[in-house]
Amino acid sequence: MSYGPDPWQQAHWDWRAAGNFVCGGAGGGLIVFAALSGAEGLAPAVLLLGGVALVGTGLLCVWLELGRPLRALHVFINPRTSWMTREACVATLLMPITLAAAAGLPGFPWLAAVLALAFVYCQSRMLQAAKGIPAWREPLLVPLVVLTDLAEGAGLMLLAQPTRAAAQPLLLALVAALVLARMLVWLTYRRRLATSAAARALAALDDAGRWLQFAGSWLPLALLALVATGVIGAALAAPPLVVAGVLATGAGAWLKFTLITRAGFNQGFALAHLPVRGVRR
Amino acid sequence: MTRWAMVADLRRCVGCQTCTAACRHANATPPGVQWRRVLDMEFGEYPDVQRAFVPVGCMHCAEPPCMHVCPTTATKQRADGIVIIDYDLCIGCSYCAVACPYQARYKTDRASFAYGVATESETKRHDSARLAVATKCTFCVDRIDAGLEKGQQPGIDPEATPACVNSCIAEALVFGDLDDPQSNVSTLLAENQHFRMHEELGTGPGFFYLWDKENET
Numbered sequence: 001m002s003y004g005p006d007p008w009q010q011a012h013w014d015w016r017a018a019g020n021f022v023c024g025g026a027g028g029g030l031i032v033f034a035a036l037s038g039a040e041g042l043a044p045a046v047l048l049l050g051g052v053a054l055v056g057t058g059l060l061c062v063w064l065e066l067g068r069p070l071r072a073l074h075v076f077i078n079p080r081t082s083w084m085t086r087e088a089c090v091a092t093l094l095m096p097i098t099l100a101a102a103a104g105l106p107g108f109p110w111l112a113a114v115l116a117l118a119f120v121y122c123q124s125r126m127l128q129a130a131k132g133i134p135a136w137r138e139p140l141l142v143p144l145v146v147l148t149d150l151a152e153g154a155g156l157m158l159l160a161q162p163t164r165a166a167a168q169p170l171l172l173a174l175v176a177a178l179v180l181a182r183m184l185v186w187l188t189y190r191r192r193l194a195t196s197a198a199a200r201a202l203a204a205l206d207d208a209g210r211w212l213q214f215a216g217s218w219l220p221l222a223l224l225a226l227v228a229t230g231v232i233g234a235a236l237a238a239p240p241l242v243v244a245g246v247l248a249t250g251a252g253a254w255l256k257f258t259l260i261t262r263a264g265f266n267q268g269f270a271l272a273h274l275p276v277r278g279v280r281r
Numbered sequence: 282m283t284r285w286a287m288v289a290d291l292r293r294c295v296g297c298q299t300c301t302a303a304c305r306h307a308n309a310t311p312p313g314v315q316w317r318r319v320l321d322m323e324f325g326e327y328p329d330v331q332r333a334f335v336p337v338g339c340m341h342c343a344e345p346p347c348m349h350v351c352p353t354t355a356t357k358q359r360a361d362g363i364v365i366i367d368y369d370l371c372i373g374c375s376y377c378a379v380a381c382p383y384q385a386r387y388k389t390d391r392a393s394f395a396y397g398v399a400t401e402s403e404t405k406r407h408d409s410a411r412l413a414v415a416t417k418c419t420f421c422v423d424r425i426d427a428g429l430e431k432g433q434q435p436g437i438d439p440e441a442t443p444a445c446v447n448s449c450i451a452e453a454l455v456f457g458d459l460d461d462p463q464s465n466v467s468t469l470l471a472e473n474q475h476f477r478m479h480e481e482l483g484t485g486p487g488f489f490y491l492w493d494k495e496n497e498t
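So the sequences go chain by chain: A and B.
In terms of the working numbering, the first sequence has 64 at position 64, counting the first letter as 1, and numbering is strictly consecutive.
Adding 281 to a residue's 1-based position in the second sequence gives its number in the working numbering.
These are computed hints drawn from the structure, not numbers from a lab.
Careful: at least some of the hints might be erroneous.
Claimed, not checked - Which chain B residues face chain A? A few, computed with CB under 8 Å, are given here:
#1 ILE365
#2 ASP390
#3 HIS479
Stated by the list, open to error - From chain A, some residues computed to sit far from chain B (all C-beta separations above 12 Å):
#4 ALA45
#5 LEU60
#6 GLY132
#7 THR163
#8 ARG164
#9 TYR189
#10 ASP206
#11 TRP211
This structure is a prediction, so every number in the text was calculated from the model and none was measured.
The C-beta atom is built at its ideal place from N, Cα and C for all residues, glycine as well.
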């Protein structure tokens, strides 16, 4: 049995913290897909630079959140237990290596992709380590955030290189698999939250989840299927893939933004027992 | 070893908020920052209703999530179990605040005073090191350390005891060494049924709530 006042939305992390997860995650995903896309010429550099710009924007957002921004370098002190420190360490490696990859150094795109994967993983663990927020501490949040980041990266890749993507059925299949996996993990995550999260947190998540499910998953999957099966010919494939990319990216970003700014309800206070005074009840 | 802990007897607390005021006075916290809060909780529906006053604050957990997430090691745990913050290391990222399941942490970005303009006392006691960083209850660690140096016993000698405990009009708050089986807190825990807040999270709070006598239910 537990008693307690209603939980309330945490007020410590706002759009700036959310910006780190939205931009950083999408940037990390884009760097991964820059390597996977097999693009040649200037194309990979564009994707890699876009990814690093997004990661940098995310870090700038979180820097704006700091109460003491001039002490920002202290963030590197605790790699032993803090996922925020680990994220910062990985980001410090990720950015120059991605720039080197964009400059055309052979092998570096794959190294950047590995680091980008580590970066999005750190972000997911960082959020999940926040024990004060039921919607964040749920273990399934880790795969949900990682898959969302990768699906957003895939979406941005479709947005930037639709024609090239249309010519690679395996790549389209991978994008579709990611979008589908994200939706399935979302549904499981949401089911597991049903008894632990606050009603208002669930309402906010359901709102974003509907977008993720229909606009961010089913519609892109349908468009990808139309292109992959040849119903839409190669000559006309670019517009539907761009739309699929925008939808997959936008819905994921909205889910993460919602998670931080609208579904970050704490669990309030709870008493396992009420005090026994006077006449025993 | 010593493990400092606090016990709140929910049967005794009358919600007078004297501990809150004493804490604010002892630690010079700004308006809106209450390291020792007392919740006024109501349960049930008329006519079967009940009310409880619940002192809350930093639980000085054995496994503090705030410490594990802190990227700067500003949040530390002493050997005696007290969780402290190094204000000079803290970057004010608030990660600890979202990791704390007890909503015990505060961050004040700008100086604020009870009447707008700082009073003489507020001017003297204002500490800019505590601006834009995380702050929370310290179990009045300075009093404890100073008292121990003088050979006093925290929880027994008022000078070495947290201000909230000293001020409690109902003796609902008790402070002492959990590792000493003869201490005041150990005795209370042995004689009464108790629980800790959000125990299921595995944080091992150093703050216990008494709710009934032992062996009466």
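Practice item. Starting from the hint list further up, note which numbers the structure goes against and sort them upward. Key: Hints 1, 6 are the ones this structure does not satisfy, whereas the remaining hints hold.
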